[in-house]
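Engineer: Residue strings, one per chain:
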Amino acid sequence: MMDHLSTSPTTAEQVFAEDLSRRHRTARTMAVIFQASTIFGIIVLLTLMYNIINSSFGLVAWQYRVPPETLAAGVPLEELPKEELLRILKERVSANVLRRLDREKPLTARSEQELYALVMERVVQPKIVKTWSLVDSIFRRREIMQEVARDYPDAHLRFRSWLNARFLTSPQSSRPELAGVRTAILGSLWTVLITILFAFPLGVGAAIYLEEYASDNWLNRIIQTNINNLAGVPSIIYGMLGLAIFVRAMEPITSGIWFGAAEPATANGRTVLSAGLTLGLLVLPLIIINAQEAIRAVPNSLRQASYGLGATKWQTIWHHVLPNALPGILTGTILSISRAIGETAPLVVVGASTFITVDPSGPFSKFTTLPIQIYQWTSRPQDEFRNLAAAASIVLMILLLSLNASAVLLRQRARRRIRG
Amino acid sequence: MKIGAPGTGPSAGLSTSTTLPMAQLYKRPRIREAVIQAVLFLCGVLSILITAGIVYELGKESLRFFTTDLWESTNKPLAVSVDASAELLEVGPAGAALRAGDIIRLDGEEMRVESVQDNIIRVVRGVRGTTPAPHQAGAEIFRSDRVSLVEFFTGTQWIPQIGRFGILPLVNATLMTSTIAMLVALPLGLAIAIYLSEYANERARSILKPIMEVLAGIPTVVYGYFALTFMTPLLRTIFGRDIVEVYNTASAGIVIGILVLPLVSSMSEDALNAVPRSLREAAYALGATKLETALKVVVPAALSGIAAAFIVAISRAIGETMIVAIAAGAGPNLTFNPFQPAETMTGHIVRISGGDLSYDSIDYNSIFAIGLVLFFMTLLLNIISQRIVRRFREVYE
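Here the protein sequences line up with chains A and B, keeping their order.
The letter at position 38 of the first sequence is residue 38 when you use our numbering, and the numbering goes up by one with no holes.
The letter at position 277 of the second sequence is residue 277 when you use our numbering, and the numbering goes up by one with no holes.
Because the hints were derived from the structure by calculation, they are not lab data.
Source: prediction; values computed, not measured.
Any given hint could turn out to be false.
Said to hold, decoys possible - Partial chain A-side listing against chain B, Cβ under 8 Å, derived: (1) Leu202; (2) Gly342; (3) Ser402.
Yeah, the Cβ is synthetic: ideal placement off N, Cα and C, and Gly gets one too.
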């Protein structure tokens with residue numbers, strides 16, 4: 001009965017079979033292509049990390065202008081008492097420079113560490129002559145040692161991790177050997193603190209209004225659309241807005257003159273306060289949108305139960321909705337903080353200082369931040385600055401990764417709580 | 001016995017309240033609630049103030065930019081001395097040609113040219129608040145050259161020192177970096193999204209999604225460093241050191257593409273995941289392969305979300321600043337060669353404002369005009385993306 005099927009298949013079936021195998025082949029090829037695209041993402045991330053780590057560790061050859069051993073017979077420079085350091089400074093540094101340093105901050109009032117840093121910078125003057133990447137330092141070590149012996153006979157050669165404790169605690173310096181990111185980190189922390197103090201209450205307040213109180217009329221729809229649009233505005237525009245409003249128009253307030261906290265001669269609006277407020281404007285839409293989603297996720301039954309027991313609207317929100325939405329709100333806030341820490345362009349426009357060595361001491365100080373430091377170091381042509389930029393990038397990424405990881409943990413804990 | 005009278009009901013002895021006011025059943029006005037609501041409303045309105053502030057500030061400074069006089073010397077000195085009231089001036093034959101409508105300046109006085117005949121010009125004295133004064137023969141005549149909108153949008157040179165303010169080199173560089181970025185990010189992002197939503201199992205997804213999130217969280221400065229120290233040498237090795245310059249738009253564009261890749265892939269993946277399983281199951285039931293289902297059924301169904309993702313990515317790429325500031329070059333340059341340096345709009349703004357320019361110079365005000373153009377470009381793109389999502393979103397059941 002099935003004779004006609006067991007004989008040779010009809011042309012239609014033949015065509016179908018060929019076509020089917022072609023389709024399967026295409027499907028397999030494309031599947032490989034899709035998979036390769038994801039591998040591309042992994043490769044990019046690994047390449048980026050390799051590039052940065054490669055520049056952050058390596059052999060360094062340097063020379064001293066005045067070897068530290070000759071300054072204080074036998075005693076290592078770090079252990080000299082303050083009077084000895086002051087004596088060395090007075091002997092070796094010109095009177096003009098001494099006077100200028102004294103005006104910045106009296107030499108006798110400086111700590112031992114600060115005097116040691118000055119001696120290193122002004123007298124010993126270590127100068128890096130060449131650096132090598134990590135890969136080179138490991139695989140071509142012998143060649144490098146020969147090259148140094150040949151070209152730089154006076155130089156010391158040592159394996160250096162550009163990212164070390166001294167890097168984190170030294171202030172900015174024009175000499176790459178002594179430069180550190182302390183001023184930058186403190187500037188970043190101060191700026192972000194002001195950003196959060198400004199944006200968190202306003203953002204959560206706006207989110208509460210939009211989710212709980214706002215009826216569906218034209219004004220509220222405009223507000224919502226407006227917030228969504230603001231989230232997509234390039235960050236540099238916020239910088240220009242901050243420049244126009246906080247730095248220029250509100251200069252008496254942001255420079256601290258109004259509060260009597262700054263000298264009118266050198267103060268201007270380019271302070272930590274302006275920077276924090278500008279970044280606050282930038283992250284405000286993000287906080288609002290995230291908080292809105294968190295509040296929306298609170299089940300309505302909770303609110304209804306609260307109303308049923310006679311609570312007012314604000315009591316319901318304050319005692320029930322907000323605590324329930326808090327993990328989501330905090331997640332959004334942490335993501336906004338990490339966005340704000342990584343921002344460079346708006347702060348350059350607002351006017352981060354190109355070179356300051358004094359730590360920021362309050363909201364009215366001049367400032368620089370870690371990303372801006374990385375930008376400045378990257379823009380210099382010398383190799384040593386590339387190494388510094390790489391080390392600073394590692395610091396920045398560790399900071400951001402820990403922030404993001406805590407946000408993810410918070411999000412998981414929130415999900416677990418809602419589920420069970 | 002009256003109900004409710006004190007001392008009579010079952011709780012007599014405990015109750016001390018007066019008669020229940022049964023008629024007053026309206027809500028007690030709570031002032032605190034109203035105040036709180038007002039405060040929260042103000043928080044919401046703040047966002048409108050921000051947008052208004054952006055437009056106002058950018059517009060005000062841009063207006064100042066377009067109305068600043070650039071006085072250029074005409075090399076045409078006054079031929080005959082005049083007093084403060086003369087309306088006809090005789091000028092030298094050489095130099096730039098004066099036209100009716102020009103505003104000229106002699107010493108401190110500004111005049112408007114009404115008509116020109118050979119070497120005699122008829123002027124209106126003392127315009128724009130200046131007072132007429134006598135002028136000596138040989139006094140230099142300066143002509144006001146304001147930046148017109150036409151010159152701004154169609155000029156091909158941006159050289160502030162000689163008064164050329166054509167934005168096309170900057171816009172061209174922006175479009176070039178964004179195009180290169182899209183060529184990298186769109187195909188790869190869509191491919192990754194299709195893989196993650198259609199092909200990947202749980203384990204692959206749990207590895208890939210955190211990697212994408214890490215890529216998305218890397219600050220743009222670090223990407224800029226990567227572009228300068230890795231991508232540019234890579235391109236130079238591939239294409240030759242004499243073809244690819246140290247600063248070029250290609251490496252900046254590629255790295256911007258890597259920057260927006262997580263954005264495209266996560267938004268596209270959300271769109272693909274939103275397509276209900278029933279559509280896929282129906283396609284499988286009709287004998288389609290996985291690829292055909294993905295490309296011919298799921299992607300078209302999620303098209304609005306994917307298009308929105310593309311547009312958001314383009315908008316992000318246009319607004320990107322630090323990568324181009326570090327890797328793309330520091331001088332406006334109208335070129336279509338991606339291996340040459342060219343400054344984009346954002347890079348220019350950062351360079352000018354990071355330098356030491358005084359607040360009211362025309363260079364400084366020009367960045368606000370550029371910023372205004374940038375703001376409207378990204379605003380337009382964002383509005384388009386929202387419109388697309390709203391209009392073309394497929395509604396299932």
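Engineer: Hints first: check each against the structure and report whether it holds.
Structural biologist: Now for the hints, and whether the structure bears them out:
The restraint placing Leu202(A) at the interface with chain B holds, with a minimum CB-CB distance near 5 Å, inside the 8 Å limit. Given the 8 Å rule on beta carbons, the hint for Gly342(A) holds: about 3 Å separates it from the nearest Cβ of chain B. Against a cut-off of 8 Å between C-beta atoms, the interface hint on Ser402(A) is violated, since the closest Cβ of chain B lies about 11 Å away.
Hint 3 from the list above is the single one not met by this structure.
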